[in-house]
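Trainee: Please model the complete structure; the sequences and the hints are all you need to start from.
As given, the protein sequences belong to chains A and B, one line each in that order. Residue numbers for the first sequence follow the working numbering, so the first one is 1 and each next one is one higher. Residue numbers for the second sequence follow the working numbering, so the first one is 147 and each next one is one higher.
What the hints contain is simulated information worked out from the structure, not anything from laboratory work. Here the structure is a predicted model, which is why all the values come from computation and not from measurement. We treat Cβ as the ideally placed atom computed from N, Cα and C, and that holds for glycine. Incorrect hints may have been included.
FRET-style restraints, in silico, Cβ to Cβ [claimed, not checked]:
1. B:Phe427 <-> A:Ile140: 25 to 33 Å
2. B:Leu276 <-> A:Arg18: 54 to 62 Å
3. B:Lys416 <-> A:Lys137: 51 to 59 Å
One side only, chain A facing chain B, incomplete, derived with CB under 8 Å [what the hints assert, rightly or not]:
4. Phe14
5. Met15
6. Pro17
7. Val40
8. Gly62
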Amino acid sequence: MAKGPYSDKVMEHFMNPRNMGEINDANGVGEVGNPACGDVMKLYLKISDDGIVEDVKFKTFGCGAAIASSSMATELLKGKTVEQILELTNNAIVEALDGLPPAKIHCSVMAEEAIEAALKDYYVRVGKDPKIVDEMKAKIKDKVKH
Amino acid sequence: MIYLDNVAGTKPDERVVEKMIPFLKEKYGNPSAHFYPLGREAFEAVNEAREHVANLIDATPDEIVFTSCGTESNNMAIKGLALNDKYKNKKHIIISEIEHFSVQNTCIKLLNEGYKITKLKVDNNGQINLDDLKKSITDDTLLVSIMSANPEIGTIQDSAAIGQICKEKGVIYHVDAVASVGHQKVSVKDFNCDLLSLAGQNFYGPRGTGALYVNKEVKLTPLFDGGFQENGYRSGSENVAGIVGLGEAARIAKAEMDTYVPRMQALGKKLMASLEGMFDFLHITGDKSKRLPGHVSFWIEYIEGESLLLWYSLNNIYGASGSACSSNILAEDEDDLAASHVLTAVGVPNDICAGSMTFSMSKYITEEDIDKVIEVTPTIVTRLCEMSPYYNKK
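Mentor: Pasting the structure below:
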């Protein structure tokens, strides 16, 4: 396989991205961009009434690392609870992809930010304050520190 | 494999390699050791190469200085002038916005030495405006350094007209002709230039070889202190095998350019027309007629250049992209990712030039190769468009 600076896993997800597309009846949609290189990721979540990610899809304008990060993120999200997906950091995405070049780490950060944005949208749609996402994230970070 | 990244370096001609091998094996003398046959043989081979290089660009052999690459030639031309006492009273240099980094960054260094640098703007095709050039030249102007062709967008400048202006104004004119030599007629007489850089790797010679043409009226201070090789301009033992290869590449280019250039031109036009006809959101960059033969560059809305590059590469088609994402992938810091300064200069917005691609041909490219590129492109572009949040099917 033509690998270059990317791991086999990155190239595999780049060539065969999982969950690419849109969800028409999504109840959480997040779109984020990276100012460093102009990449954009749009994430669609279908979350069930009991707070479980039933379906997830993405669309990404970006490089190999951005597409692979998006694809891997969707794999890691499926079937998880809202609380569980907030614990998903960019490091977990990088690890699952067997690493990214240092200059491309921002692609995994973009995927983490897209998840947060989609969850905020979800909370707005179910009539809750989207700030809850920031509070939950802060708690998780605090827990990790201790 | 279809290699279409020839502005990054061409495949060496087999005859070049054959000519070099004896100088890597049995003919290993030092050209400075004239007093025994082994050294003299190397000396004569270097001088024969010098004649071929001079002949290719309409110069004389004593005006050719061998260097290690185009970057060294550009550094030698610009810093060599700036360091020389003859020109110490002139502190202004004119370049264009789309010069190679070896010209741009050399000039940035000189800012600290009190030089003023004027960067001429280019139009949407990558051409400088000759009136702007005339207006920019002052009594303080030491040098005008404008490349003859841009490797990224393929645009060819009117070097002869630029040279005429410089001659009339009494300003030294340097041409970075690395992308041009071997692909268009390059004549230091026609260009009216005083300094001209070339590199062997760009016209079927070996990597790590270059030369600088230095007009006899011009004085340069050497960048290296050492012995007296290359007429005192470039000390250090010569890369004999590399120089022999460069000379052979020059000889072949002079003899065969008229055969392979029109063929490359036709294939380039075919590829460009096919790509333009495929999608209304695919845009050709650079000047469509005044461009390097076999050079095709474009950007595609909605999709990103590195992804294009990777997909072509997975189809064994190797090109280049000026997108930020492909710019410095091995950098330690994402701040080192920047979209190409050339695309930005020709007015392609940052978020759009992300989808840029350059295919540059060599004399080895066949019609079947180009047909293959034309065949796979719709699948690649459609796939990446489907993945793009920007693309809405109409």
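Trainee: Evaluate the given range 25 to 33 Å for the C-beta pair formed by Phe427 (chain B) and Ile140 (chain A).
Mentor: 42 Å, violated
Trainee: Any CB of chain B closer than 8 Å to the CB of Phe14 (chain A)?
Mentor: Result: holds, 6 Å to nearest chain B Cβ.
Trainee: Has the hinted range 51 to 59 Å been met by the Cβ atoms of Lys416 (chain B) and Lys137 (chain A)?
Mentor: With a Cβ separation near 55 Å, Lys416 (chain B) and Lys137 (chain A) satisfy 51 to 59 Å, so the hint holds.
Trainee: Less than 8 Å between beta-carbons is the criterion; does Pro17 (chain A) satisfy it with respect to chain B?
Mentor: 7 Å, holds
Trainee: Are Val40 (chain A) and chain B close enough, Cβ to Cβ, to be under 8 Å, as the hint says?
Mentor: Nearest chain B Cβ about 6 Å off; hint holds.
Trainee: Is the hint on Met15 (chain A) kept, meaning its closest Cβ partner in chain B is under 8 Å away?
Mentor: Status holds, d = 7 Å.
Trainee: Is 54 to 62 Å respected by the C-beta to C-beta distance linking Leu276 (chain B) and Arg18 (chain A)?
Mentor: Distance hint for Leu276 (chain B), Arg18 (chain A) holds at roughly 55 Å.
Trainee: Does the CB of Gly62 (chain A) sit less than 8 Å away from some CB of chain B?
Mentor: OK, holds: Gly62 (chain A) within 8 Å of chain B, min 5 Å.
When each numbered hint is compared with the structure, a violation occurs for hint 1 only.
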